[in-house]
Structure formats: C-alpha cells, structure tokens
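Visitor: Generate the whole structure from the sequences, applying the supplied hints.
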Amino acid sequence: MPIKVIIPTILRPLTNQQKHIHIDGFKVSEVIDRMEQQYPGIKAKLVSEGNAHRFINIYVNDNDIRFQEGLATSLQEGDVMTILPAVAGG
Amino acid sequence: MNHSLQNCVITGPWENPASNFSAAIFSLFYQTSTIGMKIKDAHDGIDESGFSFVLETPVTTPVVCEVTAWDQASESNNVASENIIQAACGLMSVHGRASGKIQSLGLNYVSTLTAALALQGATAAALGQLRGLPHADVRISMVSAALLSVSQYLADATVNTTDENLPAAAKNRIPAPPFISSDDVVFELETLNAEPWLKFWTRLGISATLAGKGWTAFLLRYAKAIAPLPDELFHALTHVTYQDIAALCSQTGLSICPVQTMSDRVTDEQLKCEWLNGPWAFELTTAATASFRNNNNHGLPLSGLTVIESCRRIQGPLAGHLLALLGAEVIRIEPPGGDPLRGMPPLSDGCSVRFDALNRFKTIREIDIKSAAGRAEVMELAKNADVFLHNWAPHKAAQLKLDAADLADVNPALVYAYAAGWSNDGDSSFRLNAIPGTDFMVQAHSGVAHKISQACGIRGGTLFTVLDLLGGVVAAQGITIALLNRYLNHTGGKVTSSLLSAATLLCSEDFQHQYHFFETNVPAVSRFNNIYATKQGMLAIECCDEAALQRLFQIIDDGQIDIMQRLDEILLTNSAQEWVKLFQQAGIPAAVVIEDLADLYDCPQLRPLLNRGSYTQVTSPWSFQ
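Same order as they appear, the protein sequences are chains A and B. Add 3 to the 1-based position in the first sequence for my numbering, that's all there is to it. Add 46 to the 1-based position in the second sequence for my numbering, that's all there is to it.
Simulated from the structure, these hints should not be mistaken for lab results. One thing to keep in mind: the hints can contain errors.
Unchecked claim - With the C-beta cut set under 7 Å, the calculated list includes, among others, these residues of chain B facing chain A: (1) P242; (2) G251; (3) T255; (4) A257; (5) G258; (6) T262; (7) P386; (8) M390; (9) L393.
The beta carbon of each residue, even a glycine, is placed where N, CA and C say it ideally should be.
Guide: This is how it looks when you write it as structure tokens:
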C-alpha cells in the first residue's frame with residue numbers, strides 16, 4: 004500500500020531532491036525501513052533509540068505520531084506522512 | 047552592586063529628558079548606576095530627534111553616543127516614541143498574533159533595548175580605542191533596536207518558500223496560554239518534551255489525538271508567536287484547582303508557574319536585591335593579563351577577539367550574534383551533526399532562516415562536549431579565546447567540568463559568560479532552577495506577563511519572545527563590559543545574566559517607583575497612546591506630553607464638541623499614511639502600523655537597516671566613527 008511521504012528540505016539531499024516520495028508500508032516504521040533501503044542514511048535522521056528523533060516531527064495526516072502509536076502507528080490507503088524538523092525556538 | 051566600571055564617567059541629559067526618550071534615558075541611568083559608573087548631568091544633548099551621552103574612561107578619548115529615534119541614514123525628520131516605533135517596526139503585529147488584536151506591548155521595551163545597545167556600543171567603542179581603533183563616536187537608533195528584536199520573525203515572513211508548513215488545522219485559532227484553573231489562578235505550563243505533555247492531558251481526560259494537536263500548537267509559540275490550542279484543553283482545566291493541577295504537573299513531569307502580579311514582584315526581597323545589583327553578576331579577578339592585540343580587519347571594536355559560543359535557541363545565540371556584529375570572530379560549538387534547529391522551517395539554501403538570522407556570521411565547530419576528547423577540544427579553544435559563552439541548563443557546566451574555574455586554569459584572562467534562565471549567581475540550589483527558565487515561564491514569574499496583561503486586556507504575557515531577545519542583548523552587554531574591564535583593570539572571570547535579570551531590567555521603573563533608590567525620575571506615562579483603523583491601514587498615535595496632545599486637538603478640531611469620543615470616526619476619513627503626514631508636520635508622534643512584516647522593507651525610513659537576500663536581514667544596530 005503506497006503512502007505519500009513529504010520530505011523536508013533538509014533531508015532532500017538524501018532523496019535525490021524529491022519533495023515527496025511514495026513508499027509501501029502498513030506502519031510508520033515499515034515506511035521508514037523501506038525508505039532506508041531506497042535512500043540510505045535517512046533512517047538515522049528520523050529514528051533514535053527506537054523512537055522518532057526528538058528533533059524530528061512525523062505526522063500522519065495532521066497527527067503527530069508521538070501522540071498515536073509512535074513508529075508503530077498504522078497507516079491506511081490515502082494517508083500522507085509528513086516529516087518536519089523541530090519547530091521550537093525559545 | 048557590581049562596581050565593574052567604577053572608574054568610568056557617563057555624562058547625559060538625565061535631569062531634563064524629553065518625554066519621547068525618557069524611558070530610554072531612565073533605563074540607561076539605571077544600567078550605568080548598577081555598574082558603578084560616576085554619573086554627571088549634561089545640560090544639552092537632547093532634542094526631538096534624539097539624545098546623546100558621553101562615556102569617559104581613565105585612558106581613552108571620550109566616546110560620544112548618539113541615540114536617535116530613526117536611523118540617521120534614513121534622514122527622517124519624523125518624531126517618534128516607544129509605541130510609534132513598536133507600531134512602525136512590526137512589534138505590535140507579532141505581539142498581536144496570539145490575541146488577534148494588534149496592540150502595544152504595554153512595556154517600554156524598545157526604549158530598554160535601545161538603552162542597553164547604546165551602552166554596549168559606547169563600551170565597545172572605548173574597548174576599540176584601547177585596541178588601537180579611533181572610535182570616538184557611536185550611533186544607534188530606536189528603530190535599529192526594534193528591528194533587531196523582530197529579526198527572526200522577519201526572516202520567517204520574507205523567505206521565498208512555502209514548502210514547509212505545520213499542519214494547517216493548527217492555525218487561525220485564537221486561544222493561547224496562559225491557562226486558568228477552577229479557582230481562577232492564571233498560570234503557564236512548560237515542557238520541552240512531548241511525553242510529559244501527553245501524560246498530563248490524558249490524565250485530565252483529553253484524548254491522545256487532541257493532546258497531540260495541542261502539542262503542535264504549543265510548539266508554535268517560539269517560532270510563530272501563536273499557540274492555537276484546542277478549546278478542550280482550556281476547558282479541561284476549568285474543573286481543577288491550581289493546587290491539583292500543580293500536583294498533576296509534578297506527577298507527569300510538566301512544569302508550572304503562576305502569573306504573578308507586578309506588585310508582588312516589587313516587594314519580593316530577592317528580586318529587589320537583583321534590581322539593585324543590576325542585570326549582571328560579575329565575578330572578576332585581578333590576576334589576569336590581557337593582551338592588547340592590534341586590530342587590522344573590519345575596523346570594528348571587537349575585531350581580532352575570539353568568542354567561543356556553546357548556545358542553543360535564542361538568548362545565547364543572539365548574544366554571540368551581537369558580538370559578531372561588533373567584529374568578534376565567533377566560533378560556535380554545535381553537537382555532531384549540527385544544531386537540529388538548523389532544520390527548523392522555513393529553510394533557504396538548506397538552512398533555517400530563523401536560525402540563520404542569529405548565526406550567519408559564525409564559524410561552526412561540531413564537538414561532542416560530553417566526551418573526553420570533546421572537552422579537551424573545548425579547553426584548547428578556550429585557551430586561545432577571549433570569551434567563552436554558554437546558555438546550558440543549571441549544573442551542566444559543572445557536570446561537564448567546563449565551569450569558569452576550569453577554563454580559568456587554562457586562560458585566566460578569559461571572560462566566561464553564562465546566559466542563564468533564572469539565576470544570576472548560578473546557584474544550583476536556587477529553587478527556580480528546577481523548572482525550565484524559558485521566556486514564557488520567566489515572563490509569568492517576573493511580573494512582566496502581568497504587566498502586559500494589564501496594559502493589553504489579555505490574560506497573560508506575550509508570545510513575542512521579548513525576554514529571550516532582551517536577555518541576549520544583556521548577555522552581550524555584560525561580556526562587552528567585562529572585556530572593557532579586562533583592558534582597563536586587568537581582570538578576567540565570570541559574568542552571569544539571565545532572562546529573569548532581563549525581566550527585572552525591563553521593569554526597573556516599577557522598582558524605582560516603589561523604592562526611589564536611584565536619583566532620577568521614573569518616566570511619565572504617555573498622555574495619549576492608541577491604535578486606530580483609518581480609511582486605509584492602521585494608525586498609531588502617541589502623545590507623550592500635554593503639549594503634543596494639544597497639538598493633536600488642534601489638528602482634528604472640526605468645531606464640534608467631544609472630539610476625542612469621535613476620534614475613531616474622524617480618523618476613518620483619511621488613510622493612515624495621510625494622517626501620519628499631517629500629524630508629523632505638527633510634531634505629533636504617529637506612524638502607520640505594520641501589519642505584515644514583509645512590508646517593513648518597503649518603508650524608506652527602515653531600508654538602511656535591512657538587507658534583502660533570500661530573506662530580509664537586519665543589519666548591525668551600531669555605526670562607529
């Protein structure tokens with residue numbers, strides 16, 4: 004089941020400058036693993052010690068996965084996975 | 047008190063300040079008093095366009111600092127004041143985002159920033175002289191200080207990309223912190239991690255999905271000055287007392303701070319002591335030997351000096367940025383892989399423009415400061431540096447064995463600067479050090495939030511990061527003072543400032559009003575100050591004194607009674623631009639209110655202070671001659 008993944012500018016050097024890619028997967032973790040196969044190095048930017056990296060926000064549609072099931076969050080056909088770097092300042 | 051510059055003299059128009067500049071002059075008087083400068087009164091040096099003061103040290107030519115409302119290069123003859131500059135430079139716009147209403151901050155914010163930057167500029171010029179430069183004149187304007195304060199928001203508003211935005215559902219909603227309990231206590235919540243946030247709200251019966259939407263909105267505070275939290279979160283708290291909410295915070299790892307009144311704060315003995323001591327705590331020793339290096343690049347006062355910066359977010363990086371604008375070489379230590387905030391949207395040329403706005407002049411060194419090899423690398427850098435600046439959490443410097451004493455072992459002449467959240471003395475037992483010393487928590491605790499709420503008719507402070515920015519300026523100022531002291535008195539050592547000390551500086555007139563400690567007058571409140579809709583655009587008017595108010599009456603007098611009651615209606619007959627022209631001809635401070643920061647570059651009187659690149663950059667607030 005292909006999921007549309009929106010890639011932030013800072014990670015585009017790893018995706019041949021593609022702004023969005025389509026990756027198969029039924030969970031966020033599966034999508035990330037398959038992304039790693041196609042675009043080596045990207046997983047380390049997204050995952051740290053088994054969780055989404057603190058400075059990376061991953062949304063499924065409009066929902067932050069840390070408030071769902073984390074990397075185990077399920078995906079359905081038509082879902083859009085958005086990766087955004089940290090937005091905090093302060 | 048910190049008498050770090052007690053052998054210096056400052057001469058300014060303290061006794062008879064024009065009301066447009068009275069807040070800046072008061073703040074300057076207060077700041078110079080707390081570092082022990084001898085204060086002399088000048089009988090001139092002030093007019094409607096600005097004021098000047100003179101800094102003398104035992105061994106330099108007197109430095110004249112000219113402070114104007116508008117930048118001198120813009121050749122603007124317009125009169126201006128605190129709220130006019132807030133309107134014209136976009137501060138009101140940023141402050142108004144959270145409430146949906148453009149309005150003044152209700153603080154003498156630009157005046158305080160201007161005074162701090164002016165004193166820093168004069169101190170830097172004297173330092174430059176000691177290092178072989180001919181600087182005897184420094185210029186700064188209130189607009190340059192104001193633009194500096196919005197530089198990150200301006201970068202965000204002007205970058206030419208729409209690629210990366212937060213989920214749209216989070217926007218266009220007004221509710222924002224602070225929160226209110228069932229027993230009517232107004233308070234702030236803070237956490238830098240999602241987990242405590244999730245635990246806290248789910249314990250209050252909020253779904254994880256809704257808590258997540260709240261988290262996305264909560265994160266927008268620092269970057270966008272908005273926090274459109276779901277109503278359900280506020281509603282959940284209306285059934286719980288403050289005591290129970292505080293207990294829940296304790297259980298879930300969230301931090302809480304009540305919004306305290308200004309009257310509570312001025313009677314707090316500890317804050318009174320901090321006010322008397324001034325924004326900085328200096329721990330300087332006389333064993334150091336400062337080398338008088340020759341200056342040969344840029345001709346700026348700090349060129350040739352090296353600053354090592356290990357800072358995150360806004361306060362510390364802004365301090366480093368200001369030192370870079372004064373000519374220092376700033377080497378910024380970032381963790382391996384770089385500071386994650388480099389990726390904070392929006393980006394241009396692969397770097398966050400908000401990040402770039404404060405870090406574009408720095409050299410980057412990626413060092414794992416927690417490792418033995420990394421620590422050794424930092425020590426080696428510090429050995430040959432003039433300044434070491436950090437804004438680590440309390441205790442971290444000691445844990446890393448990178449505290450002032452550790453670095454003094456390898457470089458006794460080093461100025462070691464700590465830009466803290468709460469504590470001016472770095473006391474690890476200080477109870478507030480247990481909670482994050484972030485802008486909004488310090489606003490709540492210090493009385494700044496309450497002061498803003500009273501002036502603006504809102505529940506709490508501002509989501510415009512006023513304390514991070516002023517805290518950064520104060521940190522850079524403390525470093526410059528310590529560097530001057532090093533050259534004058536052969537000292538090295540530590541200077542600490544904090545967001546709380548910046549907050550106390552911002553409210554120094556409230557303390558003076560209570561204690562009358564310093565021999566100067568508290569600036570008067572403006573006779574008239576408001577924002578109006580017009581036929582086209584919004585208009586800010588501020589009459590600082592009775593004479594200006596009478597001139598306003600004369601202009602709008604249409605022969606009928608109750609003019610002021612009908613002012614709303616009268617001002618709708620012309621555009622804001624037309625009213626400004628009319629009012630300015632009569633010497634009444636007025637400006638078109640900037641509603642969109644992208645419009646700042648189109649203002650001729652601001653353009654000398656802005657550069658248009660991939661985003662609009664704010665240039666140095668100082669010019670030296």
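Visitor: Does each hint fit the structure? Answer for all of them.
Guide: Verification of the supplied hints:
no. : hint : result
1   : P242 : 12 Å, violated
2   : G251 : 15 Å, violated
3   : T255 : 6 Å, holds
4   : A257 : 6 Å, holds
5   : G258 : 3 Å, holds
6   : T262 : 6 Å, holds
7   : P386 : 3 Å, holds
8   : M390 : 6 Å, holds
9   : L393 : 4 Å, holds
Hints 1 and 2 from the list above are not met by this structure, while the remaining hints are.
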